[in-house]
Amino acid sequence: MPATLRRGPQALPSNREQKIHLRYLARTRCLARGPVLLAALLVGTAPYAHETSTAAAVLAPGYSSLQYAAPVAGTYQLPPIEAAADAPFTDSSGQRGTLHALFAQHVTLLSFIYTQCDDVNGCPLATFVMAQIAKGLTADPRIGPNLRLISFSFDPNRDTPEALERYARQFRSPGIDWKFVTSPDTATLARTLNAYQQSVQQIGGHAYSHILRVFLIDKAKKVRNIYSTSFLHADTVAADIQTILREESATADGTMPDATLQASSNAGPMEDPRLGLPPRRAPEAAAPKIALGERLFFDPRLSLNHTISCAMCHVPAQGFTANELATPVGIGGRTVKRNAPTLLNVGQLSRLFFDARESRLEQQVWGPLLAPNEMGNPSIGYVVDNLTDWPQYRGLFEAAFGSGPTMVNIGQALAAYERTLIAGGSPFDRWYYGKDVKALAPAAQRGFDIFRGKGHCSACHTINKKWALFTDEKLHNTGLGFLASMSKGARESRRHIVPGTTIDYTLAVAENAADAPLTDLGRYEITQNADDRWKFRTPTLRNIALTRPYMHNGTLSSLEDVVNFYNRGGIKNDRLDPLIRPLGLSAEERTDLVAFLNSLTSPAVDALADRARRVAIGNSGAGLH
Amino acid sequence: MKACEPYSAYRAMAARFLFYVLCVGAVPGAGADETCLSPYMAKIVGQEDFLYIWTLGVPGLGDEQDKLVTIDVNPASSGYGTVISALSVGGRNEAHHADLTDDRAYLWAGGLDTNKIFVFDIKSDPARPTLKKIVSDFVEKSGGVVGPHTAYALPGRMLITGLSNQTDHGGTTAMVEYTNEGDYIATYWMPRDGALMGAAKSGKFADGYGYDVRALPRRNALITSSFTGWNNYMMDLGKMMRDPEAMQHFGNTVVAWDLHTRKPKKILDVPGAPLEVRCAWGAHHDYCFTTTALTSKIWLIFADPAGNWKAEAVGDIGDARKIPLPVDISISADDRLLWVNTWNDGTTHLFDVSNPHAAKEIFKQKIGDQVNMVSESWDGKRLYYSSSLLANWDKKTGKAGDMQFLKAYSWDGRKLKPKFSIDFIAAKLGSPHQMRFGARALYASNPPSGTSSIAVQP
Chain U
1 MPATLRRGPQ ALPSNREQKI HLRYLARTRC LARGPVLLAA LLVGTAPYAH ETSTAAAVLA
61 PGYSSLQYAA PVAGTYQLPP IEAAADAPFT DSSGQRGTLH ALFAQHVTLL SFIYTQCDDV
121 NGCPLATFVM AQIAKGLTAD PRIGPNLRLI SFSFDPNRDT PEALERYARQ FRSPGIDWKF
181 VTSPDTATLA RTLNAYQQSV QQIGGHAYSH ILRVFLIDKA KKVRNIYSTS FLHADTVAAD
241 IQTILREESA TADGTMPDAT LQASSNAGPM EDPRLGLPPR RAPEAAAPKI ALGERLFFDP
301 RLSLNHTISC AMCHVPAQGF TANELATPVG IGGRTVKRNA PTLLNVGQLS RLFFDARESR
361 LEQQVWGPLL APNEMGNPSI GYVVDNLTDW PQYRGLFEAA FGSGPTMVNI GQALAAYERT
421 LIAGGSPFDR WYYGKDVKAL APAAQRGFDI FRGKGHCSAC HTINKKWALF TDEKLHNTGL
481 GFLASMSKGA RESRRHIVPG TTIDYTLAVA ENAADAPLTD LGRYEITQNA DDRWKFRTPT
541 LRNIALTRPY MHNGTLSSLE DVVNFYNRGG IKNDRLDPLI RPLGLSAEER TDLVAFLNSL
601 TSPAVDALAD RARRVAIGNS GAGLH
Chain A
1 MKACEPYSAY RAMAARFLFY VLCVGAVPGA GADETCLSPY MAKIVGQEDF LYIWTLGVPG
61 LGDEQDKLVT IDVNPASSGY GTVISALSVG GRNEAHHADL TDDRAYLWAG GLDTNKIFVF
121 DIKSDPARPT LKKIVSDFVE KSGGVVGPHT AYALPGRMLI TGLSNQTDHG GTTAMVEYTN
181 EGDYIATYWM PRDGALMGAA KSGKFADGYG YDVRALPRRN ALITSSFTGW NNYMMDLGKM
241 MRDPEAMQHF GNTVVAWDLH TRKPKKILDV PGAPLEVRCA WGAHHDYCFT TTALTSKIWL
301 IFADPAGNWK AEAVGDIGDA RKIPLPVDIS ISADDRLLWV NTWNDGTTHL FDVSNPHAAK
361 EIFKQKIGDQ VNMVSESWDG KRLYYSSSLL ANWDKKTGKA GDMQFLKAYS WDGRKLKPKF
421 SIDFIAAKLG SPHQMRFGAR ALYASNPPSG TSSIAVQP
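Protein chains in written order, with this note's numbering: chain U, 1 to 625; chain A, 1 to 458.
Extracted from the complex, chain U is given alone in its bound form:
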């Protein structure tokens, strides 16, 4: 059966049901308002959409043909909104009953009305649409027996069973399961109206003020749609009724559709992710410790205001760094001055942070947890106490470590997870260490020669015959830190604010709205040794294609920018590392060097990101007052 109910012009505002309702009113009482409108309706005029008319000419869309294509039943979902409340009633024959008894076995359309209503776009509209539904759908043997209409009066004093019966007779016809009911008393009525959020106020005489709402309720007693004057229309309601009757499962998956998931799931057989990596610095931890560490890593409650997790700056889908920012943003939007380093293969490093101030992951993890501009926790004890109290962690530390949370085992758990982020086995690894001659493209092979030769890159990004971390873990002054600290800064800035479109603007527009940039003196901030000014630890180049932007402050956006930077010899300053000097690389050589850098991506990264995606999303608000 098509979703759209076929109604000819005769069904427009001069229709039978509408006239019936208004004539009923005319017989039963003197209309207080709307005589012009009533007259217009009774004579069958259709002033709809004529702007020059008076307000009395305005009719709700439900009285007219649908102005757009009706939804196709079964092609969309109507997620359950809420439980439909039960309520006792007295029907037009004086029999008592409950709504829940009526809801069972039927899809129900429930409207709240009063028979004396003279607002043509209120109760009469609901009755009109329900009558259209009755005529259009109840004849269908697949639908009729499963559909029930209920008009519930909120005026029990005047809408007695007898009055309801008189009203109902105007609309009943064979095959229509349409009940007209009201509350047995005013106290019960108040509870019913409240349960259905029906704000009804008597405004004198026979009139009530109320907001029209019609409820579509499934057999499970769940409200599936709520219609109001603007979009109560028989065609859409009919489509919804059929959609509910057709559906086999009611709920939708609310998780974010991942454009990358399918591609990664289709990846070929996994290469050895350890190929090309050095021996483990520590044995792999037991599974409960890793699982606990993973949970901690993705939990935003580990920040002061529950908004930032470790994974917010080390985004799995972005190479466990943050591609969209030069430097990250901490709690409350606070500025972090250094680029988020990748955590891939971080378990192999012995010097941590760009200033190399930590040597073990177990200790390093407390840095971001306690930094005021990162996760902002006020103390170690605050974190420990929270993890002790939160029910989501109950028993997990005990199972993993044999004791409750402590400063030590929190670090151990996070380190255990981070050490699983192993991502070797790149095309370069398969070619160089795996001896697969076809694994590396010729351009990348030429780039490797430049890397070790004319480019002098391997002087800092070291490799050996058995493995390569592509870092000497030492600290160097490339001049970028000097530039950031000592330059006057550009007044004009040319920005790609829209892809493919640039705009020149002056940074002065933001001066009064900006904090002063944070200075960064590198290793000097740890040693206070003047020779250490603007020295930063050499980063690994593994998976470098995934971890833009580059350098300690994220100021270089692409690998081409990085190669060009070093080809120019860095930024001159008194303490520029002597290893940094102009390279004289040709354009072709630079291209080949970039091809080599692009060959350092591990096929294991997608699997690590997929695994991360399946970690339950933390509830950032839980536990806060």
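Honestly, I wouldn't trust all of these hints.
Cut-off 30 Å, straight-line C-alpha distance, at most; resulting in silico cross-link-like pairs (DSSO-like, lysine-lysine) [said to hold, decoys possible]:
hint : chain 1 : residue 1 : chain 2 : residue 2
1    : A       : Lys263    : U       : Lys219
2    : A       : Lys265    : U       : Lys222
3    : U       : Lys222    : A       : Lys263
4    : U       : Lys222    : A       : Lys123
5    : A       : Lys322    : U       : Lys337
6    : U       : Lys222    : A       : Lys141
7    : A       : Lys417    : A       : Lys366
8    : U       : Lys222    : A       : Lys133
9    : A       : Lys265    : A       : Lys322
10   : U       : Lys221    : A       : Lys133
11   : A       : Lys419    : A       : Lys399
12   : A       : Lys364    : A       : Lys310
13   : A       : Lys322    : U       : Lys488
14   : A       : Lys396    : U       : Lys337
15   : U       : Lys219    : A       : Lys141
16   : A       : Lys360    : A       : Lys428
17   : U       : Lys221    : A       : Lys141
18   : U       : Lys488    : A       : Lys396
19   : A       : Lys132    : U       : Lys222
20   : A       : Lys428    : A       : Lys123
21   : A       : Lys132    : A       : Lys399
22   : A       : Lys310    : A       : Lys201
23   : U       : Lys221    : A       : Lys263
24   : A       : Lys263    : A       : Lys322
25   : A       : Lys399    : U       : Lys488
26   : A       : Lys419    : U       : Lys221
Hints in this document: simulated from the structure, not taken from any laboratory. What you are looking at is a predicted structure, and each value in this text was computed from that prediction instead of being measured.
Fit chain A to the supplied structure of chain U, relying on the hints for placement.
Chain A alone, transformed into the frame defined by chain U:
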């Protein structure tokens, strides 16, 4: 009093009728903040009694907390122009937008940082709102949506646009539907490359970003815009503008949705962060306006005679090179005028959009050192301006009273005349953002004479 729902197809007629029956006369330049609200709710068409202002807490100022500030704005009241209530909610949540349920019983106010939604009861005592509930499961229930922004009333429900996500704090996001009682219903992700979800990509972009939403029920359409993710809106403005990576991550799309099925239908290129969406009221005016924050343009989103949604740049707002940063906009009830605030230079602009394809600026006036939101009475005679944009984008210094303020004006069709102002810094309240009107008559069987009038059903 009768509080029934005006509906979109007939709003133009309704507005004229209301002006007529309320004897307010025709006011040149009549606009209507009330008409910026969802079509599914009653409107205040006479004198509003209260202004509710969702206000950011500021470190070092007063109690430092976000709060709902209530101001008496009825000239007939002895408290006219004063703060009569300030309800602190605890913490700084990046207070931003706030809006009403369809029955106007509750005001939903979102926190873009903490993802909490504060539900205020404004019905029980409109002069003294109370905090009814805190929705704190937004991220978890939605499947990872971050940054609850617009809370848009649908019958019995609230449709909330997100700005970001819990996976990377970037701009990929969704709309989330809740019941008026604060229970989660469903999540609708914005279409993007690789996950178009049936939407037609009409241009270069399908970014999956979100910001504002408005409905055109007669067209069965929802129109959404796109801003940027948590990383950017929480970041210090200077840091962001110096960061070429960050500056590339703004929304460039408007999406037309099927209102009934909540399915995205068409993605339109609107480059440069389209923000507020305001749809025309006329029975045959199948269009909405938005403005782009970064490229400073007015865009028309319209359905052509065949019913296809299109986007067209129809006007410039100041000098884009100076980043005036268009923020709040308001369309007049007769669809002839569009107020546009530019935050960076603190100026309000009035555009003639009687030809929606050619917006023409006809008036402008500086309001303060910065200005963000504008709210206007139904009759267009009273305008209220608030100052704050985002905690870390707001200006740090400026003239006393011109930094963080509420300013009330009258409008006679030619000029704005100051009525009163409140310095939110001097009052130690914080940084004022979204404003919404309240009226005793919405909730009383017999509204006080000489005060509010409520829109009757047309």
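Hint check results:
1. Lys263(A) <-> Lys219(U): With a Cα-Cα distance of about 25 Å, the restraint between Lys263(A) and Lys219(U) holds, given a limit of 30 Å.
2. Lys265(A) <-> Lys222(U): Holds: Lys265(A) and Lys222(U) sit about 28 Å apart, inside 30 Å.
3. Lys222(U) <-> Lys263(A): 22 Å, holds
4. Lys222(U) <-> Lys123(A): Since the Cα atoms of Lys222(U) and Lys123(A) sit roughly 27 Å apart, the hinted pair holds (cutoff 30 Å).
5. Lys322(A) <-> Lys337(U): 27 Å, holds
6. Lys222(U) <-> Lys141(A): It holds: about 19 Å lies between the C-alpha atoms, which stays within 30 Å.
7. Lys417(A) <-> Lys366(A): 12 Å, holds
8. Lys222(U) <-> Lys133(A): 23 Å, holds
9. Lys265(A) <-> Lys322(A): Violated, because 35 Å separates the two Cα atoms, which is more than 30 Å.
10. Lys221(U) <-> Lys133(A): 25 Å, holds
11. Lys419(A) <-> Lys399(A): 19 Å, holds
12. Lys364(A) <-> Lys310(A): This hinted pair holds, its Cα atoms lying about 29 Å apart.
13. Lys322(A) <-> Lys488(U): 21 Å, holds
14. Lys396(A) <-> Lys337(U): 20 Å, holds
15. Lys219(U) <-> Lys141(A): 25 Å, holds
16. Lys360(A) <-> Lys428(A): Answer violated: Lys360(A) to Lys428(A) is near 39 Å, above 30 Å.
17. Lys221(U) <-> Lys141(A): 22 Å, holds
18. Lys488(U) <-> Lys396(A): 21 Å, holds
19. Lys132(A) <-> Lys222(U): 24 Å, holds
20. Lys428(A) <-> Lys123(A): 27 Å, holds
21. Lys132(A) <-> Lys399(A): Violated. Lys132(A) to Lys399(A) sits at ~37 Å, over the 30 Å cutoff.
22. Lys310(A) <-> Lys201(A): Given that 30 Å is the threshold and the Cα spacing comes to 12 Å, the pair holds.
23. Lys221(U) <-> Lys263(A): 25 Å, holds
24. Lys263(A) <-> Lys322(A): 38 Å, violated
25. Lys399(A) <-> Lys488(U): 28 Å, holds
26. Lys419(A) <-> Lys221(U): With Cα atoms ~53 Å apart, Lys419(A) and Lys221(U) exceed 30 Å; violated.
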